[in-house]
Amino acid sequence: MSPAGPFSAAPERVLTVRDLRAYYRTKYFGISREVRAVDGISLHVDRNEIYGLAGESSCGKTTLIKTIVRAIRPPLDVVGGSVTFHFAGRDRDIHALNDSELESIRWRHLSYILQGSMNVLNPVRRVRQSFVDFAHRHIGKPMPEFLRHVESHLARVRLEPAALDAYPHELSGGMRQRVTIALATVCRPDFIVADEPTTALDVVVQKDVLGMLREVQQEIRSSMILVTHDIGVHANITDRLGIMYAGRLAEEGRTVDVIRDPRHPYTSHLVTSLPRIGDVTQRRGLEGAPPNLAVPPTGCRFHPRCPLAMATCRAEPPPMVDVAPGHRVACWVTAPPDKPVTVQ
Amino acid sequence: MSAAGTPLLEVDRVRMTYVVGGLIRRRGVRAVDDVSLRLEAGNPEILAIIGESGSGKTTLARMILNLATPTAGTIRFRGADVTQIRSNRQRMAFMREVQPIFQNPFEAFNPLKPIDHYLFFSARRFAGARARIDFEAKADKALHQVGLSLAEVKGRYPHELSGGQLQRIAIARALVSSPSLIVADEPVSMVDASLRMSIVNLFKALRDELGVSIVYITHDLATAYYISDRVLIMQRGKAVESGDARGVLDNPQHPYSILLKSAVLSPDDAGRPMSPADSAGRPSAHSTSNTE
Numbered sequence: 181m182s183p184a185g186p187f188s189a190a191p192e193r194v195l196t197v198r199d200l201r202a203y204y205r206t207k208y209f210g211i212s213r214e215v216r217a218v219d220g221i222s223l224h225v226d227r228n229e230i231y232g233l234a235g236e237s238s239c240g241k242t243t244l245i246k247t248i249v250r251a252i253r254p255p256l257d258v259v260g261g262s263v264t265f266h267f268a269g270r271d272r273d274i275h276a277l278n279d280s281e282l283e284s285i286r287w288r289h290l291s292y293i294l295q296g297s298m299n300v301l302n303p304v305r306r307v308r309q310s311f312v313d314f315a316h317r318h319i320g321k322p323m324p325e326f327l328r329h330v331e332s333h334l335a336r337v338r339l340e341p342a343a344l345d346a347y348p349h350e351l352s353g354g355m356r357q358r359v360t361i362a363l364a365t366v367c368r369p370d371f372i373v374a375d376e377p378t379t380a381l382d383v384v385v386q387k388d389v390l391g392m393l394r395e396v397q398q399e400i401r402s403s404m405i406l407v408t409h410d411i412g413v414h415a416n417i418t419d420r421l422g423i424m425y426a427g428r429l430a431e432e433g434r435t436v437d438v439i440r441d442p443r444h445p446y447t448s449h450l451v452t453s454l455p456r457i458g459d460v461t462q463r464r465g466l467e468g469a470p471p472n473l474a475v476p477p478t479g480c481r482f483h484p485r486c487p488l489a490m491a492t493c494r495a496e497p498p499p500m501v502d503v504a505p506g507h508r509v510a511c512w513v514t515a516p517p518d519k520p521v522t523v524q
Numbered sequence: 120m121s122a123a124g125t126p127l128l129e130v131d132r133v134r135m136t137y138v139v140g141g142l143i144r145r146r147g148v149r150a151v152d153d154v155s156l157r158l159e160a161g162n163p164e165i166l167a168i169i170g171e172s173g174s175g176k177t178t179l180a181r182m183i184l185n186l187a188t189p190t191a192g193t194i195r196f197r198g199a200d201v202t203q204i205r206s207n208r209q210r211m212a213f214m215r216e217v218q219p220i221f222q223n224p225f226e227a228f229n230p231l232k233p234i235d236h237y238l239f240f241s242a243r244r245f246a247g248a249r250a251r252i253d254f255e256a257k258a259d260k261a262l263h264q265v266g267l268s269l270a271e272v273k274g275r276y277p278h279e280l281s282g283g284q285l286q287r288i289a290i291a292r293a294l295v296s297s298p299s300l301i302v303a304d305e306p307v308s309m310v311d312a313s314l315r316m317s318i319v320n321l322f323k324a325l326r327d328e329l330g331v332s333i334v335y336i337t338h339d340l341a342t343a344y345y346i347s348d349r350v351l352i353m354q355r356g357k358a359v360e361s362g363d364a365r366g367v368l369d370n371p372q373h374p375y376s377i378l379l380k381s382a383v384l385s386p387d388d389a390g391r392p393m394s395p396a397d398s399a400g401r402p403s404a405h406s407t408s409n410t411e
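Those protein sequence lines, which keep their order, are chains A and B.
If you read the first sequence in the numbering used here, its first letter stands for residue 181, the second for the next number, and so on.
If you read the second sequence in the numbering used here, its first letter stands for residue 120, the second for the next number, and so on.
Take these hints with a grain of salt, some might be off.
For lysine to aspartate or glutamate, the following DMTMM-like pairs were computed, each having C-alpha atoms within a straight-line distance of at most 25 Å [to be verified]: (1) B:Lys232 to B:Asp259; (2) A:Lys246 to B:Asp311; (3) B:Lys357 to B:Glu328; (4) A:Lys207 to B:Glu279; (5) B:Lys323 to A:Glu395; (6) B:Lys380 to B:Asp235; (7) B:Lys260 to A:Glu467; (8) B:Lys380 to A:Asp459; (9) B:Lys380 to A:Glu467; (10) A:Lys246 to A:Glu376; (11) B:Lys273 to B:Asp327; (12) B:Lys357 to B:Glu305; (13) B:Lys380 to A:Asp410; (14) B:Lys323 to A:Glu350; (15) B:Lys323 to A:Glu467.
Hints are computed from structural coordinates only; laboratory data are not their basis.
Can you build the whole structure from these sequences, using the hints too?
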């Protein structure tokens, strides 16, 4: 079942997501509405691996990871499927845990770098206090020793100990982002979820921050899900890449395979439409707008915008099919299921 | 109309100093420092101004739009100093010719007003349309230039439209008065990757088909390379390198331009993940304090 890559002797599965469905359900004055933001997604992440998720806004990327870390609030509701983490030799279904078990997992095993996370730091508390608030009880060392530990950890993201005494507004955007990366990794979690960690940053700073994120991740040997719509970021940092479209996975595989040899028409479009320095050939934007997930298109959700769409695409959703080891695609045209359909 | 030698826009050694701090610790920050540029009349082109945040590119745009007055230096539009505009009539004439497009289409429009309000308003103020049929025709024409039509957007509110559509409408609004210069401040950074290229292609079409010159402000080197004729690279308020877009970006000379180019994350890098050595050892290229 595991992909037969060159370095996958016995990859340790850290996260398994099976057929996950999470809908936003609202009911006002008797009119109920259901937005199917995550609709039947299966994926897995191995130890020491960075899994990238790409897709345009409102395709359900953020909902998917909110569901994975169980940061869900009404109207978001998990309708089906499971999210299983494998921490410290035990399988844990995150949606079956009670509050105290969840508490014990968060930060220690599972941490979350939020979108626009330069704004998560409390503006009226010094950075030091944010570290104490978040991490002290999980690390369980006496305070002076804890602070020394934090200082040595900050050095990994090239921040001086003096940054601990600063208020967030005294730090630049890139420094604040590094503080949040340090916060999320200080407990050496097994799993990090990063939602657009560099989107608000400048190009030059972005590359530095991504480099540090990868460095820290390699050093503490954790796994990561990295969400961003920027294919350039994925190409540089992720090991495997999943392309999401309208609440479903369209394609998944090793990042290099997905980018060099995209099979799904949506992926091909995403990759070929990017302008590159040194190349002035005409690029085209994708026609049409992202679908409304309250009334998703029938069949393959990409068919109204797809240049290759045929009759089957309008009628039935395509299954995920293995086109190469570890490379799965959901498309009737480019990956017809002549082989048996993969187990979801 | 303009004499042969008069440039469309001439920015001559402008400087903008902001004073920060209170009474005790007062200091000046030079947001734009001694920048000059020139756009010729009768030769529409796209000039990209590139730099990271804090490099002064938005301040420069605000000065070109006459929304901010330079501390020193002059900006001439068709030979006339824009800071000398006094009468309302002169001001309207200037605004008819020079139109802005802003970064975030979701914030550029009032969510409580139907989107056609902006088009009709521009048509009334700048295009001299009086009767309803007149300004509807002007709005429709501008919308057709961006691939939309009035029937699609009439009476709709911003939340009903996607970011790409809103940005197209923002461009259509700027086109209503048939300007000769458009100043676009990061027009695609808030637009989805799948829709970004259609907006960028639209700018090319405006230049080629309508003869509009465009000042395109961005931090994205790849789109700048794709559409612009000339580039101006700014660092901490100073223009560090400028020239032909392909020439500069293919072979940057200034260390800052080289750094910017090396920071571009290209999809072609797939398969050789960034090594830690890439970022280690290099000082963080952050610029926050361009204090004088």
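Each hint tested on the structure:
1. At roughly 18 Å between alpha-carbon atoms, B:Lys232 and B:Asp259 fall within 25 Å of each other, so this suggested pair holds.
2. For the proposed pair A:Lys246 and B:Asp311, the alpha carbon gap of about 21 Å is at most 25 Å, so the pair holds.
3. A distance of roughly 33 Å separates the Cα atoms of B:Lys357 and B:Glu328; the hinted pair therefore is violated under the 25 Å criterion.
4. Between A:Lys207 and B:Glu279 the alpha-carbon distance is near 20 Å, which keeps this suggested pair within the 25 Å criterion.
5. With a CA separation close to 41 Å, the supplied pair B:Lys323 and A:Glu395 exceeds the 25 Å bound.
6. With a CA separation close to 40 Å, the supplied pair B:Lys380 and B:Asp235 exceeds the 25 Å bound.
7. The hinted pair formed by B:Lys260 and A:Glu467 meets the criterion: a straight-line CA distance of about 21 Å does not exceed 25 Å.
8. The straight-line distance between the Cα atoms of B:Lys380 and A:Asp459 is roughly 14 Å, inside the 25 Å bound, and the hint therefore holds.
9. A C-alpha spacing of about 30 Å is found between B:Lys380 and A:Glu467, which places the hinted pair above 25 Å, so the restraint is violated.
10. Pair hint A:Lys246 plus A:Glu376 holds up; C-alpha atoms about 13 Å apart against a cutoff of 25 Å.
11. Between B:Lys273 and B:Asp327 the alpha-carbon distance is near 28 Å, which puts this suggested pair outside the 25 Å criterion.
12. For the hint pairing B:Lys357 with B:Glu305, the CA-to-CA distance comes to about 19 Å; that is within 25 Å, so the pair holds.
13. A distance of roughly 17 Å separates the Cα atoms of B:Lys380 and A:Asp410; the hinted pair therefore holds under the 25 Å criterion.
14. For the suggested pair B:Lys323 and A:Glu350, the alpha carbons sit about 41 Å apart, so the restraint of at most 25 Å is broken.
15. In summary, the hint linking B:Lys323 to A:Glu467 is supported, as the alpha carbons are separated by about 18 Å, within the 25 Å threshold.
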